Structure formats: structure tokens, C-alpha cells
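Chains A and B, in that order, are what the protein sequence lines are. By my numbering, the letter at position 38 of the first sequence is numbered 38, and the numbering carries on one by one without gaps. By my numbering, the letter at position 110 of the second sequence is numbered 110, and the numbering carries on one by one without gaps.
Note that these hints are calculated values from the structure, not bench results. Here the structure is a predicted model, which means the values were calculated and not measured. You may find that some hints are simply not true.
[Stated by the list, open to error] Just a sample of chain B residues kept apart from chain A, beta carbon distances all over 10 angstroms, derived: (1) 20; (2) 26; (3) 43; (4) 44; (5) 46; (6) 58; (7) 70.
[Said to hold, decoys possible] One side only, chain A facing chain B, incomplete, derived with CB under 7 angstroms: (8) 41; (9) 43; (10) 94; (11) 107; (12) 112.
Think of the CB as a built atom: it goes at the ideal place given N, C-alpha and C, for glycine as much as any other residue.
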Amino acid sequence: KAGVTQTPRYLIKTRGQQVTLSCSPISGHRSVSWYQQTPGQGLQFLFEYFSETQRNKGNFPGRFSGRQFSNSRSEMNVSTLELGDSALYLCASSSRDSSSTDTQYFGPGTRLTVL
Amino acid sequence: AQSVTQPDIHITVSEGASLELRCNYSYGATPYLFWYVQSPGQGLQLLLKYFSGDTLVQGIKGFEAEFKRSQSSFNLRKPSVHWSDAAEYFCAVAGFENFNKFYFGSGTKLNVKP
Chain A
1 KAGVTQTPRY LIKTRGQQVT LSCSPISGHR SVSWYQQTPG QGLQFLFEYF
51 SETQRNKGNF PGRFSGRQFS NSRSEMNVST LELGDSALYL CASSSRDSSS
101 TDTQYFGPGT RLTVL
Chain B
1 AQSVTQPDIH ITVSEGASLE LRCNYSYGAT PYLFWYVQSP GQGLQLLLKY
51 FSGDTLVQGI KGFEAEFKRS QSSFNLRKPS VHWSDAAEYF CAVAGFENFN
101 KFYFGSGTKL NVKP
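Between the sequences and the hints, there should be enough to build the whole structure, so can you do that?
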């Protein structure tokens, strides 16, 4: 089975721009979660989608948004980029919804640099 | 609230030596615990997980971890470290309100001396 894929792997943007990151989960997985990883804050949960519905959201401003499509692929969007948004954005997929636990499998991440 | 603490930011061990990485969690019920490894510029790879049952769990690459409820710990061990084990290791607990919301420790960077 193919793993979680994320595109693009690297992205450079300037302040004020917006960006869209894409994640394709493992085949058959319907839950997709997004995390932001920075040296200062570590790994922080952004949001989770299951069956096209956002189930949970972390403590991030409204500039961070996401969606999930009927094929379980997910996108996250960051508008009005700030320097502090520079981070590795990781996507994870799981076969279960949030009411029962299962392993989350992570993609390689998208490295976003904001200049 | 759930949280994970990894007390050691950096650890250096000699190749062939044993390794123990510490992880303490705060959780109101039976936790679901994970260890992941991250190589530079890469995503997270699952090493092992604990859901229930035997408190000593085996993972990939020769790693094992022991769940100790009385100490709120889930320490990762390896009897003999290889140079390729140099990476950053993260302990995580699944959230009580949303099992797909993981809480991660701050990570432990492992250096391996030849």
C-alpha cells in the first residue's frame, strides 16, 4: 500500500501571500489530520477531517483552514502568510474516526518558508 | 488536560551501547501511547504503540517500550544502538476527546558516537 503523500514537498512564499498544501491519505483511510512542526513550538495539531467534515480544530487563527474531498484527499490553506508560519506541515491519516483510536501514519511533510 | 513530557532534549550514546529515552504522560484514563522517529527533513515513522494488554511492547528496528501506569511513563529502549538510529524521537498520546488528535512531546535528539 502506498503511504501518505504530500505535495509540494517544499514551498517558498512571501508575507501576505496565501498557500495551499495537499495530502493524499493511505488508501481506505478516511481520517486526515494536519500538524504544524516548528523548532520553538514542536508538533501542534491543526485540525482533523473525517468523511469531509472537520471534527476538531487546534488553537490556530482563522487564517488556517482546510477541507476534505469525497476521495479523502485533503487540502489546507493558509492565507495572509506571516513569517511565523514557516514550518514543516505534516499530514497524517487513520482508518478510524475520532471516537476510536488507531495509529496515525504520517506523510513526509511540506516545508513552507515565508520570506 | 493531556500532555507528554520528554525530559531529555539531547542524548549521545556510543554505537553498540544500550539506549533508554524517557517519556512521561498526563492523562485521565487509560492512555493510547506511541513512539515515532523522525530523520532530518522527513516525516514521522511509527516505531511502536501501546493500546492495552502486555505492558512491554515490541516495535520495529529492535525497539521496545514499557508502559508503567504507576509512574505515568512509557520509556523507549534498545539494547544495542546502531549509527543509523541517530534521529529525533517523539512520544505521543492520543487525545481523550478526539483519538485522532495526538499530543506530542518536545522530542529527544539522539546522537550516536562511532
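Each hint tested on the structure:
1. 20: Non-interface label stands for residue 20/B: nearest chain A Cβ at 21 angstroms, farther than 10 angstroms.
2. 26: 16 angstroms, holds
3. 43: 4 angstroms, violated
4. 44: 4 angstroms, violated
5. 46: Residue 46/B is in fact no farther than 10 angstroms from some Cβ atom of chain A, at 6 angstroms.
6. 58: Nearest chain A Cβ is 15 angstroms from residue 58/B, so the label holds.
7. 70: For residue 70/B, whose nearest Cβ neighbour in chain A is about 22 angstroms away, the distance exceeds 10 angstroms, so it holds.
8. 41: Constraint on residue 41/A not satisfied, violated at 9 angstroms.
9. 43: 4 angstroms, holds
10. 94: Check passed: Cβ of residue 94/A comes within 5 angstroms of chain B, closer than 7 angstroms.
11. 107: 5 angstroms, holds
12. 112: 13 angstroms, violated
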